[in-house]
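Asks: Sequence:
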Amino acid sequence: MSTETTVLVCFDVRSEKFSFVKVKTFVIEGTMINYNGKLGFLRAGKSTCAYRSSRIVNLLVLEDIDKQGWSERTFVLPALWEDIVGSAMLGFVGMTRTNEIVMRQVSIEPIPLCLFYFNTERNTVVRVAVEGMDVSEYDSVHIFLDHVENVEL
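Once you know that position 85 of the sequence shown is 85 in the UniProt record's numbering, the rest is easy, because the numbers rise by one and skip nothing.
A portion of the hints provided could be inaccurate.
Listed below are the simulated DSS-like cross-link pairs for lysine-lysine, each with C-alpha atoms no more than 27 Å apart in a straight line [what the hints assert, rightly or not]:
hint, residue 1, residue 2
1, K67, K22
2, K22, K46
3, K67, K17
4, K46, K17
5, K17, K38
6, K22, K38
Simulated restraints on C-beta separations [claimed, not checked]:
hint, residue 1, residue 2, range
7, S47, V130, 16 to 26 Å
8, F144, N36, 38 to 48 Å
9, M133, G69, 35 to 45 Å
10, S87, E131, 13 to 23 Å
11, L145, V9, 40 to 50 Å
Hints listed in this document are in silico derivations from the structure and should not be mistaken for laboratory results. Where is the CB? At the ideal position from N, CA and C, for every residue including glycine.
Whenever a hint applies, use it, and build me the whole structure from the sequences.
Replies: Shown next as C-alpha coordinates:
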(Lines of atoms letter the chains of each structure in order from A; the text may use other names.)
(Lines give C-alpha, C1' and ligand atoms only; values in the text may rest on other atoms or scores of the structure.)
Protein backbone atom coordinates (compact mmCIF):
# COMPACT_ATOMS: atom_id res chain seq x y z
CA MET A 1 0.00 0.00 0.00
CA SER A 2 1.35 3.41 -0.95
CA THR A 3 1.94 5.96 1.76
CA GLU A 4 2.12 8.83 -0.71
CA THR A 5 -0.48 11.58 -0.53
CA THR A 6 -1.34 13.76 -3.50
CA VAL A 7 -1.88 17.44 -2.74
CA LEU A 8 -2.74 20.60 -4.62
CA VAL A 9 -0.60 23.57 -3.69
CA CYS A 10 -2.57 26.82 -3.48
CA PHE A 11 -1.09 30.31 -3.31
CA ASP A 12 -3.15 33.23 -2.01
CA VAL A 13 -1.89 36.31 -3.85
CA ARG A 14 -3.27 38.74 -1.25
CA SER A 15 -1.78 37.11 1.83
CA GLU A 16 1.19 35.63 -0.04
CA LYS A 17 0.68 32.33 1.80
CA PHE A 18 0.62 28.76 0.60
CA SER A 19 -1.98 26.17 1.55
CA PHE A 20 -2.28 22.49 0.71
CA VAL A 21 -5.36 20.48 -0.22
CA LYS A 22 -5.39 16.69 -0.13
CA VAL A 23 -6.92 15.25 -3.26
CA LYS A 24 -8.49 12.00 -4.34
CA THR A 25 -7.15 9.88 -7.18
CA PHE A 26 -10.00 11.27 -9.29
CA VAL A 27 -8.25 14.63 -9.47
CA ILE A 28 -5.04 13.24 -10.91
CA GLU A 29 -7.01 11.62 -13.73
CA GLY A 30 -9.40 14.51 -14.40
CA THR A 31 -9.38 17.85 -16.21
CA MET A 32 -9.15 20.90 -13.95
CA ILE A 33 -11.91 23.50 -14.51
CA ASN A 34 -13.50 26.59 -13.01
CA TYR A 35 -16.94 25.56 -11.74
CA ASN A 36 -18.85 28.65 -10.64
CA GLY A 37 -15.69 30.13 -9.11
CA LYS A 38 -14.73 26.87 -7.41
CA LEU A 39 -12.07 24.36 -8.33
CA GLY A 40 -13.55 21.46 -10.25
CA PHE A 41 -12.41 18.35 -12.10
CA LEU A 42 -14.15 16.54 -14.96
CA ARG A 43 -13.87 13.06 -16.36
CA ALA A 44 -16.07 10.56 -18.21
CA GLY A 45 -16.54 7.65 -15.83
CA LYS A 46 -13.05 6.27 -15.28
CA SER A 47 -11.57 7.95 -18.34
CA THR A 48 -10.04 11.37 -18.92
CA CYS A 49 -11.67 11.44 -22.38
CA ALA A 50 -15.25 10.93 -23.52
CA TYR A 51 -16.08 8.42 -26.24
CA ARG A 52 -19.15 7.23 -28.11
CA SER A 53 -19.49 4.47 -25.50
CA SER A 54 -19.32 6.90 -22.54
CA ARG A 55 -22.47 6.98 -20.44
CA ILE A 56 -21.66 9.48 -17.68
CA VAL A 57 -19.61 12.57 -16.87
CA ASN A 58 -18.36 13.07 -13.31
CA LEU A 59 -17.76 16.48 -11.73
CA LEU A 60 -15.76 16.76 -8.51
CA VAL A 61 -15.87 20.20 -6.82
CA LEU A 62 -13.82 21.58 -3.93
CA GLU A 63 -16.64 23.10 -1.86
CA ASP A 64 -14.66 24.25 1.18
CA ILE A 65 -10.91 24.76 0.99
CA ASP A 66 -10.54 25.10 4.79
CA LYS A 67 -12.37 21.85 5.57
CA GLN A 68 -11.16 20.31 2.31
CA GLY A 69 -14.69 19.21 1.54
CA TRP A 70 -15.37 17.80 -1.91
CA SER A 71 -18.72 17.14 -3.59
CA GLU A 72 -19.30 14.90 -6.58
CA ARG A 73 -22.02 15.03 -9.21
CA THR A 74 -22.67 12.50 -11.93
CA PHE A 75 -24.39 13.51 -15.15
CA VAL A 76 -25.96 10.85 -17.37
CA LEU A 77 -25.35 11.57 -21.05
CA PRO A 78 -28.46 11.77 -23.27
CA ALA A 79 -29.63 9.00 -25.58
CA LEU A 80 -28.51 10.87 -28.72
CA TRP A 81 -24.92 11.08 -27.41
CA GLU A 82 -23.68 8.21 -29.62
CA ASP A 83 -25.12 9.74 -32.80
CA ILE A 84 -23.78 13.23 -32.11
CA VAL A 85 -20.28 12.18 -31.04
CA GLY A 86 -19.76 9.49 -33.66
CA SER A 87 -16.25 8.07 -33.60
CA ALA A 88 -14.63 11.17 -32.04
CA MET A 89 -12.50 10.95 -28.91
CA LEU A 90 -13.30 14.04 -26.84
CA GLY A 91 -11.21 15.90 -24.30
CA PHE A 92 -12.69 18.29 -21.75
CA VAL A 93 -12.09 22.01 -22.38
CA GLY A 94 -14.00 23.36 -19.38
CA MET A 95 -17.37 24.59 -18.26
CA THR A 96 -19.23 27.74 -19.31
CA ARG A 97 -20.94 30.15 -16.91
CA THR A 98 -24.25 28.53 -17.89
CA ASN A 99 -22.95 25.12 -16.70
CA GLU A 100 -22.40 23.64 -20.13
CA ILE A 101 -19.49 21.21 -20.29
CA VAL A 102 -17.39 21.95 -23.37
CA MET A 103 -15.50 19.14 -25.10
CA ARG A 104 -13.36 19.03 -28.22
CA GLN A 105 -11.92 16.40 -30.50
CA VAL A 106 -8.56 15.23 -29.19
CA SER A 107 -7.36 14.85 -32.77
CA ILE A 108 -7.91 17.85 -35.02
CA GLU A 109 -8.66 15.51 -37.91
CA PRO A 110 -11.11 15.31 -39.59
CA ILE A 111 -11.66 18.91 -40.52
CA PRO A 112 -13.59 20.96 -39.45
CA LEU A 113 -12.75 21.29 -35.79
CA CYS A 114 -15.83 20.53 -33.71
CA LEU A 115 -16.80 21.52 -30.19
CA PHE A 116 -19.42 19.66 -28.17
CA TYR A 117 -21.57 21.44 -25.59
CA PHE A 118 -23.26 19.26 -22.96
CA ASN A 119 -25.96 21.20 -21.10
CA THR A 120 -26.08 19.62 -17.64
CA GLU A 121 -29.47 21.15 -16.77
CA ARG A 122 -31.38 20.23 -19.94
CA ASN A 123 -29.36 17.05 -20.60
CA THR A 124 -28.70 17.98 -24.22
CA VAL A 125 -25.61 17.83 -26.43
CA VAL A 126 -24.90 20.17 -29.34
CA ARG A 127 -22.11 19.71 -31.88
CA VAL A 128 -20.68 22.95 -33.26
CA ALA A 129 -18.38 22.89 -36.30
CA VAL A 130 -15.84 25.73 -36.42
CA GLU A 131 -15.69 26.67 -40.08
CA GLY A 132 -13.56 29.14 -41.99
CA MET A 133 -10.37 28.18 -40.20
CA ASP A 134 -7.93 25.69 -41.69
CA VAL A 135 -6.53 23.81 -38.68
CA SER A 136 -4.82 21.12 -40.76
CA GLU A 137 -1.52 23.01 -40.79
CA TYR A 138 -1.25 23.11 -36.99
CA ASP A 139 0.06 20.47 -34.59
CA SER A 140 -2.43 21.52 -31.93
CA VAL A 141 -5.24 23.98 -31.32
CA HIS A 142 -5.86 25.61 -27.93
CA ILE A 143 -9.38 26.57 -26.89
CA PHE A 144 -10.12 29.14 -24.20
CA LEU A 145 -13.53 29.64 -22.62
CA ASP A 146 -14.93 33.02 -21.57
CA HIS A 147 -12.28 34.98 -23.49
CA VAL A 148 -13.59 38.41 -24.45
CA GLU A 149 -11.73 40.79 -26.71
CA ASN A 150 -12.72 44.08 -28.25
CA VAL A 151 -11.94 43.73 -31.95
CA GLU A 152 -13.41 47.09 -32.89
CA LEU A 153 -11.13 48.92 -35.31
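Asks: Confirm or reject each hint.
Replies: Hint-by-hint comparison with the structure:
no., hint, verdict
1, K67 to K22, "holds (10 Å)"
2, K22 to K46, "holds (20 Å)"
3, K67 to K17, "holds (17 Å)"
4, K46 to K17, "violated (34 Å)"
5, K17 to K38, "holds (19 Å)"
6, K22 to K38, "holds (16 Å)"
7, S47 to V130: 16 to 26 Å, "holds (24 Å)"
8, F144 to N36: 38 to 48 Å, "violated (18 Å)"
9, M133 to G69: 35 to 45 Å, "holds (42 Å)"
10, S87 to E131: 13 to 23 Å, "holds (20 Å)"
11, L145 to V9: 40 to 50 Å, "violated (24 Å)"
Figure legend: structure checked against the earlier numbered hints; hints not met, in rising order: 4, 8, 11.
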